[in-house]
Amino acid sequence: MVAEATGVQSTVQEKPKTYTANLWPQNWNIHPTEWDILIVSTLLKVLLFPAYHSTDFEVHRNWLAITHSLPISQWYYDTTSEWTLDYPPFFAFFEKLLSIPASFIDPKIVDLNNLNYDSWSVVAYQRSTVIITELLLGAVALKFVRGAVDPATQHIISASLFLHPGFLIIDHIHFQYNGFLFGILLWSILMARNGNKLASGILFAVLLNFKHIYMYIAPAYFIYLLRSFCLSPSGQLQIKNFLSLANAVIGVFIASLGPFLLMGQIPQLLSRLFPFTRGLNHAYWAPNAWALVTALDRVLLKYIQRSSANIAINEEGIRSTSRGLVGDTVFAVIPNVKPIHTFTITIAFQSVILFKLWRNPTYKSFLTALTLCGYVSYLFGWHVHEKAVLLVLIPLSLLAAERQAYFRTFILASVAGIFSLFPLLFTPAESIIKVLYSFLWLTFVYTALSKRVYEFPKSLSYVILDMVEKIYLTGFVFLQLFVMLFPILSARSKHAVEEIASTDDSMAFLPLMVTSVYCAVGIVWGFIRLMFVYLNEETTYQGQLSTIQ
Amino acid sequence: MADFADASTPSPSSFHKRKIHIHTSQANQDINNGEAPFTPEILAPTPQRHLLESHVRQSWLRTPPLSPVSSRAISPTSTRAISRSPQQPKSFSSFLDHEPTEHGTAHGIPRMHSTESLNSRPKTVENSTARRFVRWTHRQGQRNWSLLFVCLASHLLKYCIGLGSYSGHGTPPMYGDYEAQRHWMELTIHLPTRQWYTYDLQYWGLDYPPLTAYHSWLCGLIGSLINPEWFALKSSRGIETESSKVFMRSTVVISDALVYIPAVFMFSRTWLGTRSKRTQNLAFIAMLFNPALLLIDFGHFQYNSVMLGFTILSVSLFAMSQDLLGAIAFVLSLGFKQMALYYAPAIGSYLLAKCLLLGPTIGGRLFIRLAITTILAFTVLFLPFFPPFAPLFSTTQCDHTDSSDCTITYLTVLDPISRIFPFARGLFEDKVANFWCASNVLIKWRVWAAPNLLIKASGGLTLLGFLPGVLSMMSAGWRLRTWQSNSSGESTTSTPIPILSLLPYALLNSSLSFFLFSFQVHEKTILLPLMPLMLLSSGAVPESTTFAWGALVTNVAVFSMWPLLKRDGLGLQYFILLGAWNRAIGYNPFKEPVLSLKSFVQLLSISVHIAAAVLHILELLFDPPSRYPDLFTVLNVLISTPVFFCTWLWSIKCCIEVSWALGGLTGSGTSSGARPSSRAASVVSAGDEGVVLPNLREKLDGNHKGDRARTVSLGFSHSKQRTRRTSSSVSFSRASGVRAMSTEPS
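For the protein sequence lines, the chains are A and B, in the order given. Position in the first sequence (first residue = 1) + 35 = the numbering used here. Position in the second sequence (first residue = 1) + 29 = the numbering used here.
No lab work stands behind these hints, which were simulated from the structure alone. Here the structure is a predicted model, which is why all the values come from computation and not from measurement. Any given hint could be a false lead.
Stated by the list, open to error - Partial chain B-side listing against chain A, Cβ under 10 Å, derived:
#1 Asn-173
#2 Leu-177
#3 Phe-178
#4 Ile-190
#5 Ser-279
#6 Asn-617
#7 Pro-618
What the hints assert, rightly or not - Covered stretches of chain B (in silico footprint by chain A; criterion: 3 or more residues with CB under 8 Å from a CB of chain A, positions within the stretch not fixed):
#8 336-347
#9 597-608
Ideal Cβ placement from N, Cα and C applies to all residues, glycine included.
Could you build the full structure based on these sequences and the hints that come with them?
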């Protein structure tokens with residue numbers, strides 16, 4: 036924890052010396068309100084124990100069994116369950132660690148052949164591990180407050196991060212360990228803020244070896260650390276810094292991949308981590324640019340079919356539309372998109388962002404670039420999952436109170452992004468909970484932050500923009516009503532006309548499609564906003580974070 | 030959240046400043062914003078939360094009769110005209126207020142001038158999550174919207190509790206309370222009204238009053254619009270699909286939101302009208318998140334909050350002097366669940382005492398109006414069982430004779446009534462923490478006595494149990510009567526009626542006596558005594574005895590339902606809600622070091638909590654011996670019953686004290702100052718109940734006739750003109766305040 040100690044010392048606010056290097060919460064001066072948030076949220080999460088859990092629950096249980104009952108050489112080869120291990124080695128080690136208490140609590144949890152085991156013991160155990168490991172996120176969020184430029188504002192942001200509906204939906208109901216992983220990411224960002232860039236780089240390397248999806252934002256890290264840590268402001272290579280960072284990162288990778296390297300399993304491991312056999316869109320389209328393109332394709336197809344215009348239609352694409360939920364997306368009218376196209380677009384956008392970061396490697400610029408890198412990958416990536424939106428929302432939250440423009444982007448992207456997670460939970464009871472919780476969270480964040488960043492609109496265009504965005508946000512209420520009422524109404528109409536049941540499947544897909552497209556509009560608009568602010572105004576548009584070098 | 034870190038402990042100086050600010054600018058504020066509650070202009074330099082003073086002011090500002098010496102009765106219209114004005118009910122919260130008596134002085138004024146009490150205050154203000162939340166929202170300028178936020182949060186919590194199991198989940202063939210409620214929805218939408226109370230009684234026949242039936246009918250109607258399979262006749266029995274469960278849960282949440290939440294809001298705005306907005310909001314939150322109610326309604330599955338909500342509504346309406354509407358609300362409560370009868374002695378005696386107090390002319394008129402309203406309301410409730418909607422008489426096959434053509438003819442309306450009051454069941458069913466079940470450990474009542482005798486005994490004991498509350502209410506009403514005294518008749522015009530302050534205690538007393546002594550009590554019934562206790566303690570400061578009783582009894586009530594909740598599979602929810610609740614209101618029985626325990630209730634609390642914790646640990650570690658399979662349940666009963674018994678005794682004590690303080694000091698308006706002050710001395714020294722003090726002071730002030738006459742006229746003119754207060758009135762109030770003080774013994 037040397038890294039952390041030096042980090043705290045170098046913060047803007049002076050702290051007593053005794054404060055450093057204390058990991059025991061007693062020395063953290065945790066305010067009663069912070070305890071309140073922790074206790075209330077934890078109790079709420081415990082109440083969610085009996086809630087619905089997705090197949091990811093069984094995935095993680097199976098990984099507990101794999102890592103517990105098989106030797107390390109078998110981990111990436113085992114196919115007893117269809118949910119094979121496809122996370123990097125650190126996560127496997129993490130599961131190995133979790134499997135030790137599990138085997139004491141209930142040996143059936145770690146039984147490899149005990150598929151789809153979901154007794155009370157395993158539910159309680161796995162759900163508690165999520166809550167406990169998420170404490171890392173809480174601790175980092177707290178540390179963000181200590182030594183912040185504006186602790187009062189950072190308090191709200193930290194609370195909003197810890198209470199983020201994304202974590203509640205994905206981790207505590209759907210089941211994953213994002214809270215823990217984002218805790219590491221935020222820790223790494225915190226180190227960058229505190230000026231300890233070496234620790235920041237190491238933590239990010241560790242994070243990459245927990246879950247490789249964080250590669251989305253790796254370019255921003257690479258440029259930032261290279262420019263501001265390995266090079267002096269005048270462009271001189273700082274050999275000592277460079278070597279220490281390089282060695283540390285290589286060390287982390289060796290610790291993770293070393294055993295598999297020795298066993299010669301790297302190709303197998305990589306084939307598990309990067310399955311390139313999937314399609315452009317996930318089953319439910321993640322609300323990104325491709326969702327808009329796909330929707331456009333469907334609309335064009337309908338139009339062409341109606342008007343019988345003389346345009347070549349891909350037959351495969353027509354079948355793709357009628358399949359709805361499953362399988363690849365193949366366009367009927369628009370030329371098909373290949374992985375190489377998505378990569379080209381992603382890299383093109385990212386290089387613009389990274390160029391700007393190279394020119395201005397401050398903390399705030401880094402944070403924005405990080406968010407934008409995640410944003411670009413989310414919008415244009417191949418087979419993006421809707422859960423990846425957290426990669427945008429979480430770093431963006433740190434920028435939320437910067438200025439009005441950031442705040443509005445944050446609100447727009449958060450509302451659209453969180454709403455796009457709703458289809459993950461389709462059971463009725465959890466649906467009510469997700470909507471209520473997200474609404475409460477939004478109310479809390481909005482009322483607490485909006486006044487702090489309020490700026491008087493400078494021109495008529497701002498007023499109009501403001502109106503349009505408000506109308507868009509209001510639309511979510513109606514979208515939610517539509518999504519809720521559609522199944523009931525369609526079921527009733529089905530009762531009335533029993534015969535016309537052939538169109539059911541595509542109709543069942545309709546609420547998902549509408550949700551995806553509507554959210555995509557907001558998320559893409561948020562990206563445009565943030566890009567604009569970053570490229571044009573970032574240096575002149577000063578907020579609280581710009582004081583950090 | 031603006032200043033998480035620095036907000037918690039404002040420096041003494043800032044605290045002081047704020048208080049001063051209030052005193053100097055309050056008059057202006059009230060004039061400026063019209064919606065602000067009316068605060069009389071004669072102000073003593075005391076902090077806002079100290080209600081003794083505010084009450085004194087109120088008493089001065091009573092609208093005088095047309096002529097001070099007139100013996101003419103006050104016309105009812107004038108009474109009601111005053112009562113309708115929003116500011117009038119304010120004075121009532123003072124009755125509920127319990128001041129901490131740390132420094133041995135219960136006389137408000139000296140305390141507030143001592144700087145040490147100013148310093149010690151902020152430390153205790155923010156000891157709970159709810160307080161911190163309320164404080165934060167107020168700093169954000171979200172006084173009113175925060176309540177909406179809290180309501181939504183409570184809905185979230187209710188649905189989260191609802192994720193768990195419910196009564197009778199997966200236990201065919203009879204299932205449990207959940208299936209009963211669902212079955213009623215099923216039968217009410219499919220059968221004509223006449224058959225509701227006669228259809229297949231073996232399978233959860235309807236045995237709640239008609240309002241429940243109508244409510245079920247409405248819910249069933251909406252439900253079968255969404256999915257008719259949920260409520261298909263016969264075939265839907267025992268349906269346990271995910272969506273039907275969510276629908277059923279939603280009906281409880283929505284009913285709660287429509288009845289209980291508005292009622293609690295109204296209570297916090299009427300009864301706690303003179304308290305600060307923060308206290309009102311805090312009380313609202315405390316009432317909303319009562320763990321016992323949450324667990325039973327949203328976990329176990331019932332609609333108790335509707336019945337309790339109607340009762341709270343009626344109590345709030347009484348505080349607004351809307352007696353007729355209040356009576357209707359109480360009839361609705363009775364019509365929803367016959368269990369509300371537990372409150373009937375208190376409510377009835379209050380209304381009767383009010384009639385008594387007002388005298389034969391006005392009171393008699395009120396009595397007749399109340400009687401007609403109540404009877405009408407009941408008639409409307411039971412209307413479908415009277416002609417022309419149903420034949421007056423029905424016939425049934427008599428089952429005990431051999432001749433098959435024997436029929437019995439009876440009034441149709443007896444169908445519901447005989448279902449509502451089942452005397453055929455035993456003294457008690459499950460283990461419940463009341464007198465009969467607890468003493469059953471020693472005396473096997475059911476072996477020892479005949480059922481008829483037991484019914485009579487339980488009836489008699491219940492009657493004895495609630496008699497103190499009723500009697501104290503009536504005697505207060507009698508002693509405060511105004512129709513004989515030829516003095517100024519001050520009590521008459523004071524609205525609402527002073528005996529209202531007795532009502533929560535009387536409610537507690539009567540419902541507890543029913544719970545402890547009556548026939549056929551369920552463990553869930555503890556919710557009824559809990560409600561008036563919540564009313565009392567929700568606005569109390571954390572150091573007061575009332576707060577301690579409220580928190581203790583809430584915890585014990587939840588604990589007493591543990592066997593039930595465990596059977597329902599709600600163990601997780603039980604622990605979570607208990608923990609969250611105590612954290613939220615800032616209650617920790619072990620906070621005080623054992624040696625410094627000051628009061629009986631603290632001692633009781635600490636021992637009961639330890640016993641409960643030990644019992645939980647034992648239950649976790651060991652299985653009950655096969656000879657006594659109910660061992661833990663019986664131990665649970667034995668731990669809980671003494672607490673309820675002590676609470677019952679405490680409620681009697683409070684009833685008597687408050688009643689004495691109300692009626693004892695007035696006597697006839699012409700009495701000399703000597704007698705009252707000696708009585709006051711005994712009250713002050715005997716009880717730590719701050720509740721007596723406002724009234725006491727009021728009466729004492731009343732004795733200074735000369736002063737009062739002048740003050741009244743001053744106050745009256747001020748209230749009319751709404752001018753800024755003059756320095757003369759301030760000094761005047763101080764003078765009489767000091768004089769009032771001097772009559773109290775040192």
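Okay, the hints, checked on the actual structure:
no. : hint    : verdict
1   : Asn-173 : violated (12 Å)
2   : Leu-177 : holds (9 Å)
3   : Phe-178 : holds (6 Å)
4   : Ile-190 : holds (7 Å)
5   : Ser-279 : holds (8 Å)
6   : Asn-617 : violated (13 Å)
7   : Pro-618 : violated (18 Å)
8   : 336-347 : violated (count 0)
9   : 597-608 : holds (count 4)
Taken one by one, the earlier hints fail for this structure at numbers 1, 6, 7 and 8, listed in ascending order.
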